[in-house]
Each structure stands twice: as C-alpha cells, then as structure tokens.
Amino acid sequence: MQLRRKRQGSVSRALGILTANLLLISAADAQVNAQPGSKQFADNNDVNQSHNDTSGQANTVAVDTAVLFYQEDGGRVQAVEPTGSVVYTNNWGDAFSVKFTSDSLTGATPNGATRSTLAQTFTTPTRGVGATSTVTSASGNSVLVTGPGGVIVRQYTIAPNALPLDSGFRDNRYALDLGYTRQLDNVSKWSIGGSYSQERDYTSISVNTGYSRDLNHKNTTLSISGNFEYDRSRPYFGSPTPFAVIDGTQKGPNQTKTAISVVAGVTQVINRYWLTQFNYSAGQTSGYQNDPYRFISVVDATSGLPLQYLYEGRPRSRFRQSIYLGNKIALGPTVADVSARVYHDSWGITSYSGEIAVHIPLVAGTYVEPLARYYHQSAANFFQYYLVGGAPLPTYASSDSRLSKFNATTFGVKAGIKVLTDGELYVLGERYKQTGAAGPPNPIGILANENLFSGVSATSIVAGFRFVFK
Amino acid sequence: MTVEAGTAVITPFADGLSYAFRAMGSPCEVRVETSDLALAARLGECVETEALRIEYKYSRYRPDSVVSQINTAQDEPICVDAETAALLDYAAQCYRLSGGKFDITSGVLRRVWRFDGSDRVPSRAQVAELLPLIGWDKVSWHNPNIQMPHGMEIDFGGFGKEYAVDSALIKARGQCDVPLLINFGGDLCVSGPRADGGRWQVAIESVDQAGAVDGRLQLSSGALTTSGDARRFLQKNGVRYSHILDPRTGWPVKNPPRSVTVAAQTCVEAGIMSTLAMLHGARAEHFLKRERLQAWFVR
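Order-wise, the sequence lines are chains A and B. Under my numbering, think of the first position of the first sequence as 748, with each following residue one higher. Under my numbering, think of the first position of the second sequence as 4, with each following residue one higher.
Be aware that a few hints might be false.
[What the hints assert, rightly or not] In silico lysine to aspartate or glutamate, EDC-like type, Cα no more than 20 Å apart, as pairs:
{"id": "1", "chain 1": "A", "residue 1": "1165", "chain 2": "B", "residue 2": "48"}
{"id": "2", "chain 1": "A", "residue 1": "1217", "chain 2": "B", "residue 2": "84"}
{"id": "3", "chain 1": "A", "residue 1": "965", "chain 2": "B", "residue 2": "48"}
{"id": "4", "chain 1": "B", "residue 1": "174", "chain 2": "A", "residue 2": "1169"}
{"id": "5", "chain 1": "B", "residue 1": "141", "chain 2": "A", "residue 2": "932"}
{"id": "6", "chain 1": "A", "residue 1": "1180", "chain 2": "A", "residue 2": "820"}
{"id": "7", "chain 1": "A", "residue 1": "1004", "chain 2": "A", "residue 2": "932"}
{"id": "8", "chain 1": "A", "residue 1": "1165", "chain 2": "B", "residue 2": "140"}
It should be emphasised that the hints constitute simulated quantities derived from the structure, not laboratory data.
The task is simple: from the sequences and hints, build the whole structure.
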C-alpha cells in the first residue's frame, strides 16, 4: 500500500498548523538565528517597518555583539560600527532590551556640485569657530584662508572632470536603544521603547509604542505601533538659507524636525511551511530636512560651466507611505525569506524593492545564507542635477543623488557556525551598487560629457557573535 | 557486526546503520542511510539525547519532572518554561478542537481502570467519583502560569512520545541531511525519501500474534503511528472493554477498531488523529475518511 497526501479535513488541517507552531520551539533551538544590523547605509527612504520587536525564550539573556565595516568605492565614506545588544526575557515572557551602537565615519561625500571641465574651488566656513592659523589638512586637501576683514574660511579645489567631494567629513555617532515588551496575557503584547543618538552636529531622540494580538489559535497576529522622533540639527557653521550663495560666513541658527509614523500589520500562518506578513506604514516628517552641507551648481545656459554654487532647499513637509509583504517559506530545513515593498512619498519618490534570502543549513551546525535585493526609485519632483543661470529659481531644488531616479542591487552571503551550545559566530558580506542616469535628457554644453550621477557603490562586512544564556 | 555505543547498539541494515536504545519504556531505533559508523553514532546519540531529555522532563513517574511539579503543586500556581508552555497551549487547543475528547487531565482514570485482560471492571460509582477531577477547562492556564485544582493531574502521555520523535528528527536534521528514520516504540517518522529516492518499508505488527506482520506500508515522507488494544482490554460477561477511555464519561469507547495506523506530516499529528479516531469507536473509519488521512485498520 502506498501513502499519498490528499486534501485534509478540518480537524487535521487545524492540527497541522498547531503542530507546526509547537515544533517551532524545537526548530528554533536547533538553529540559533541572528539578525545583524546591515541595512542602515542602504536606501534611506523607508519608514521603519516595525518598531521595537524584542522577544526571546523565557528566562534567557541573549547577547549579540557585532562589528560592521563599510567602505564606499572611490575612497568615499568609510565606517566602522561596533554594536552590542542584550535582551533579557523573564519567565512571563516580558523582554527588556538595550542596544548600544557607536559609529566612526570618515571620508568624502559629494558636495552636490556637478563635475566640470574646469577646476572648481569651493569656499565654506571653518568647522571650528575661532581658528586663527592657516593649516593644510592632510586628508581633506583643504586650506584655511584668512579673508578680508579677518574672516577665516575653508577652501578646497576639485580637479577638472572629478566629482566634487568634500573630504573634510569625519564624524562619530553614539546611539542607545531601549525597549520593553510586556506580555499582557496569553495572546497580547505591549511594547514601549526609546532611542537617543548623538553626532557632533546632530541629535535624534525617539519614543515608540506598539501593541500586538494573536488570534485564531496564534495563527494570525495583528499589530500596530507608533513612533515619534525629534531631531535637532546643529551644522558646524550654522544652517544656511536655501539658495544663498555659498561663502565663508557663519550661518543661521540650529534647526529641528519632528517625525510621526504608524505601522499596522498582519502576520498569518498560511500552512506549516509558509508564514506571511503584510504591513502598511505611514509617516509625516515636518521641519528642517535640508542637507546643510550640500550645494547645487548654477551653470551657464549655453556652455554648462559653473557660474555659482547655491545651498540646496527641500520642502519642510514629507508624507511617506509604504506597503510591505514578507514571506517565510520552509523547504525542508532550508528557509527562504521573500519580501517586496512599495513606497511613495509626497516628494514624488516612488520606490519598489524585492529581496530574497535563503537560509541553508550545512553540516555540523553551519549554515550559509545567500541574499539578493533589488531597489528602484523614481526621482523627487524637485531633484535637479543643476540649475541654469538666468532662469527663475525654483521653490525647492536638490542635486542629492539619493533623491534621483536610480536602481540599486545588493548581493550578499551570510555564513554562521554554532559554537558551544547556545552561541553562534556569523559573518555577512554584502556588495551594494547604485546605478542611475548620467544626467538629464538634454544636458547643457560641457555637461553632456560628464557623468552627473553621484550614487554610491559600497562593500560591507559584518562579523558578529551571538550567545544565549539560559 | 554489532557495535555497542553506551547502552545503545548499532547494527547494519540493508542500506545503512541502525542505532537502537531504550527510552520512554519503549524500544527506540534510528535508521541512518550511511555506512559511516561515526555519523550513525553521532545522529543516534543526538536522537537518544533528545528522547531522554523529554522523558526526564515530562515523565509522570519521575518526581523531579515538570509534570510532577505541576501535579504536586497543591493549588499553587507554577510558572513553566517556554517549551512546556507550548505543549500546554497545544494540549489546550487539542482539547477545544476535539470537543473535550482529547484531554491531558484524563489520566486519573487509571486509578480505577487497569487493562490487564481481567474482568475487574470498575463500578459506576467509582468512575463517577473521578469525573469532577477530569476536564482541562477546570485548569487555570494563563501562559506561563498553570494552577491545578486540588486532586487533578495532567500528563503528556497522549502525545509526549510522538513529540519526542518529531523533536528528535528536527535536532538530527540540524546536524546532517542524510536520510533517516526514527521509531520510538512504533511511533515513527522519516526525514524524507531514501537516498535513492525510494520509500521506507514499514511493517505493521499483528494485533494477535507478536512478531507476526499484519501489513506493510511504504513511506517517503512524514510520520506513522499506531494505536490499538492488542493486549490491553478487560472482558466481563462477554463484553470486551477497550482501553480507549472517553474523558467525558470515564468509560471505554464502544467498538473501536483493534488497531489503527495513521499517516500524517508529523508524529504528533498522526498520534492525536489515531487517538481521536479510536475515540470515535465504531465510526473511527468514517472519521479518518472524512479527515482524508491515509489509515490502516484492524477490526
């Protein structure tokens, strides 16, 4: 007699899903999982998909430490980011989490001006107020110059046809995240959390809260969460007025912005092999959203040569919405994560992204997890590669490539090995590449021969260790 | 060739090695399709470790087990770990799903029902006296805290061994992908098809004659369990009392099949579905047919 599977009856179907849930604990135990933070430098237009998701096995302390190394091609930004997190879950399923992140970034960022056939010199205020001597910075190739009236300014010159980069970029960031999740009863959870991050010229503070409820024998989970963020921008030499001509004088006062976002989601167990999640998120950001260090070139209407450089200007309001569909599909011991996201905001950016990651267990507690991600976005409606001399100034304009139309692909692989009984060592390597148009459809003069896209390509490596104390 | 590995015994079979040990009062076996003795020993030990872990943790015969702690708490709430909580949640859901036919509090009926082939059938009064101590809905279970009313007991006898099979398979597969079959006293599951793509052969033991074979099944994925009353029954005044007790009445189910073998994706499901089928008595075949599960009956 041969056994074949047919469509099941109601009791066995319900039992099948319940059993899959039951055995998840054994499966989770057999395969310690970890999620390194690796996407923070990627596409920056996303609203947080889920806030403060902390949970673990009862009465355990999970410790995760990792270091991220990030390097952009062409000697641009380089970052080293150590992180450490501790999640304590008590007997009642309540979880407390603490995460500390420290970034150290160095390198060069595009200043927003176009390439040109001529050498271009940019003048900015000095970063340190009260500098009195003229120095040459080895890394930045910039000099401090005492101008008329004793004003000390910083100048740097970009070679012909090179992408204008401001090399004086150096920052340290410290961030602290705290979370608390309370198991209200058998089926519902409530969480609150907060985070604080500090850079030399930027401070961000946020609070969040969420609620989730299991229905239908825990096969359906509904969740809703909200986040409020307050940011304070303190540019080194003050906040420039949009479309003011760049110069060496100190600028205006510090600026702030606030952001509110809400995420509502449904997670559904479809069958024992398939878990699906749908989220909708919406967020409103109000306040100062300019990059205070970024310029936009004004070029001659016929030659395309630069006439002057202005500070950029962006709208003070941005409303974002996104929908996300994620799936976890088990194919024997192999687990595939397949997800897609559509995003739209009031700046006119629409983006689509898709990702697949496949977790493949190998022998002796090792695994590999290849991943691929594709991202496409349209340009913000005020994105311009440059402004044209003589034409009236627009209300808003920015040449930031992150607001332009571009595609991005990521390929990576993660590998891990179980060590001791409850520990895991892992390493993740990723290659990220942005591609975009070299310029507008009808470029002016010399700009027809220049690549005006300043998007990044980057390589990142995360090495981490995760351990669960029982 | 026979190799002793601790108390376990490794012997060759047609295309691999069999690792045999005892746990949960049953002979247990892991069949591994490999000629690598070290690999078979490693996988066998992994399965044995998991079987013993679950036995020690949940045996009602061990005073230090989680089940004994819950049963002897004397009205005090007990906070349980995540695995136990998942098992209790599961038992609660099975209780609701089966309309009270599947009940982990029904073990107290053993105090009056002893299925030893004799004619010692308890009196109606003896059974009625126990009924107030049965019923999962009387237990206070708020994950992760459980509080047993005085005199009530739980046990995971209804699916503990099956859970151990499924859990051991998951643990073994976390080590290696070589095809294997795990069999704990007749509750068995396979990791998938055999290395050559073929099916595993499973014999159903005769209910009348130990060692004789009533049928053969082929299995390429999932699990098989068998419930039956081969040697466990009472007989009085010409009435045969099966050992399948309905927790709602405290009395044996009338006319269950003598044995039912059910195939399902996991051992836990197969075990619970075969128990539920037996509880349907004369309508056991009808129940499994309606649930569209593959099953093999002996009447």
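Comparing the hints with the structure gives:
no. : hint                : result
1   : 1165(A) with 48(B)  : holds (18 Å)
2   : 1217(A) with 84(B)  : holds (11 Å)
3   : 965(A) with 48(B)   : violated (34 Å)
4   : 174(B) with 1169(A) : holds (14 Å)
5   : 141(B) with 932(A)  : holds (18 Å)
6   : 1180(A) with 820(A) : holds (10 Å)
7   : 1004(A) with 932(A) : violated (37 Å)
8   : 1165(A) with 140(B) : violated (42 Å)
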